[in-house]
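Starting from the structure of chain A, add chain B where the hints point.
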Amino acid sequence: SQKIEQNSEALNIQEGKTATLTCNYTNYSPAYLQWYRQDPGRGPVFLLLIRENEKEKRKERLKVTFDTTLKQSLFHITASQPADSATYLCAPYTGRRALTFGSGTRLQVQP
Amino acid sequence: EPEVTQTPSHQVTQMGQEVILRCVPISNHLYFYWYRQILGQKVEFLVSFYNNEISEKSEIFDDQFSVERPDGSNFTLKIRSTKLEDSAMYFCASTGTGGTGELFFGEGSRLTVL
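Just so you know, the protein sequences line up as chains A and B, in that order.
Under this note's numbering, the residues of the first sequence are numbered 1 to 111, in order.
Under this note's numbering, the residues of the second sequence are numbered 1 to 114, in order.
Incorrect hints may appear among the rest.
Distance ranges between label pairs, derived from CB positions [what the hints assert, rightly or not]:
hint, chain 1, residue 1, chain 2, residue 2, range
1, B, Ser55, A, Gln14, 26 to 36 angstroms
2, A, Glu15, B, Asp62, 44 to 54 angstroms
3, B, Thr13, A, Gln108, 18 to 28 angstroms
Below, simulated DSS-like cross-link-like pairs (lysine-lysine); rule was C-alpha separation at most 30 angstroms, straight line [to be verified]:
hint, chain 1, residue 1, chain 2, residue 2
4, B, Lys42, B, Lys83
5, B, Lys83, B, Lys57
6, A, Lys57, B, Lys83
7, A, Lys3, A, Lys59
8, A, Lys71, A, Lys57
9, B, Lys78, A, Lys3
10, A, Lys63, B, Lys42
11, A, Lys71, A, Lys55
12, A, Lys17, A, Lys63
13, A, Lys71, B, Lys42
14, A, Lys71, B, Lys57
15, B, Lys42, A, Lys57
16, B, Lys83, A, Lys3
17, A, Lys63, A, Lys3
18, B, Lys42, A, Lys55
19, A, Lys71, A, Lys17
20, A, Lys55, A, Lys17
21, A, Lys71, A, Lys3
22, B, Lys42, A, Lys17
23, A, Lys57, A, Lys17
24, A, Lys71, A, Lys59
25, B, Lys42, B, Lys57
26, B, Lys78, A, Lys59
27, A, Lys57, A, Lys3
28, B, Lys57, A, Lys3
29, A, Lys17, A, Lys59
30, A, Lys3, A, Lys55
31, B, Lys57, B, Lys78
32, B, Lys78, B, Lys42
To be clear, the hints were calculated from the coordinates, so they are not data collected in a lab.
Just so it is clear, CB atoms sit at the ideal spot from N, CA and C, and this is done for glycine as well.
So here's chain A without its partners, still in its complex pose (with noise of 0.2 angstroms):
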């Protein structure tokens, strides 16, 4: 069966440095792996995609790689700010049915 695996344990780091989160599947083909960041009660907001022939791309103070090898996408935050704290969302995209999310990853930046 499809899965999408993120790390379920809460990151925390200091302001400043660079937070590296985990995707991984399995049994999907993605044609774009999605990013989303979702605050305590609200929806989930898109923050940025890639695609499968894409191996990196970088969004102002994100960067996310995708690996379609090792079916992994990392979600990195240069110079993380403690309003980057929230938790990130990952979703496979394969265009032949809807989105469906991993559990996603807290992240919590100390000042």
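Relative to the frame of chain A, chain B by itself:
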């Protein structure tokens, strides 16, 4: 910036009552979705809707649930006879036709079933 709006933001109901949650998707979007999130759990897909019909539904979306686009702007989720386990945040989302599938979510409707 266009946004998805949902009402009500919070609804409390008695078990067995019918509930209708409303959504206004982004105006030029064609694909509409409902997701739910039980407290402390993941965001789960319920149903997708395109061209005035359900295009996909999950196991959660049983006969107690229905969706409708009653006019050109609203998209509703009805739960016919609520159960305690229906207590959750319900998120509406929409997407356009760009093909990359990124979803735009509303702020959610919190449903509490007593």
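* Is the straight-line distance between the alpha-carbon of Lys78 (chain B) and that of Lys3 (chain A) 30 angstroms or less? -> Cα-Cα ~29 angstroms, so holds.
* To do: Measure nothing beyond the straight line between the CA atoms of Lys71 (chain A) and Lys55 (chain A); if it is 30 angstroms or shorter, mark the hint as holding.
  => holds (12 angstroms)
* Between Lys83 (chain B) and Lys3 (chain A), does the CA-CA distance stay at or below 30 angstroms? -> holds (28 angstroms)
* **Given pair status - Lys59 (chain A), Lys71 (chain A), alpha carbons within 30 angstroms** => holds (22 angstroms)
* Verify the proposed pairing of Lys57 (chain B) with Lys3 (chain A), using a straight-line Cα cut of 30 angstroms. => Roughly 18 angstroms between the alpha carbons, so the hint for Lys57 (chain B) and Lys3 (chain A) holds.
* Asked: Holds or violated: are the alpha carbons of Lys17 (chain A) and Lys59 (chain A) at most 30 angstroms from each other?
  -> Roughly 17 angstroms between the alpha carbons, so the hint for Lys17 (chain A) and Lys59 (chain A) holds.
* Asked: Within a Cα-Cα threshold of 30 angstroms, do Lys57 (chain B) and Lys78 (chain B) meet the stated pairing?
  -> holds (14 angstroms)
* **Straight-line alpha-carbon gap Lys71 (chain A) to Lys57 (chain A), limit 30 angstroms** => Within the cut-off at roughly 16 angstroms; holds.
* Pair hint Lys71 (chain A) and Lys42 (chain B), alpha-carbon separation not exceeding 30 angstroms -> Holds - the C-alpha atoms of Lys42 (chain B) and Lys71 (chain A) are around 21 angstroms apart, at most 30 angstroms.
* Does the Cβ-Cβ separation between Thr13 (chain B) and Gln108 (chain A) fall within 18 to 28 angstroms? -> About 34 angstroms separates the Cβ atoms of Thr13 (chain B) and Gln108 (chain A), which means 18 to 28 angstroms is violated.
* Is the straight-line distance between the alpha-carbon of Lys71 (chain A) and that of Lys3 (chain A) 30 angstroms or less? -> holds (11 angstroms)
* Are the Cα atoms of Lys42 (chain B) and Lys83 (chain B) separated by 30 angstroms or less? -> holds (19 angstroms)
Hint violations for this structure: numbers 1, 3, 6 and 26, all remaining hints satisfied.
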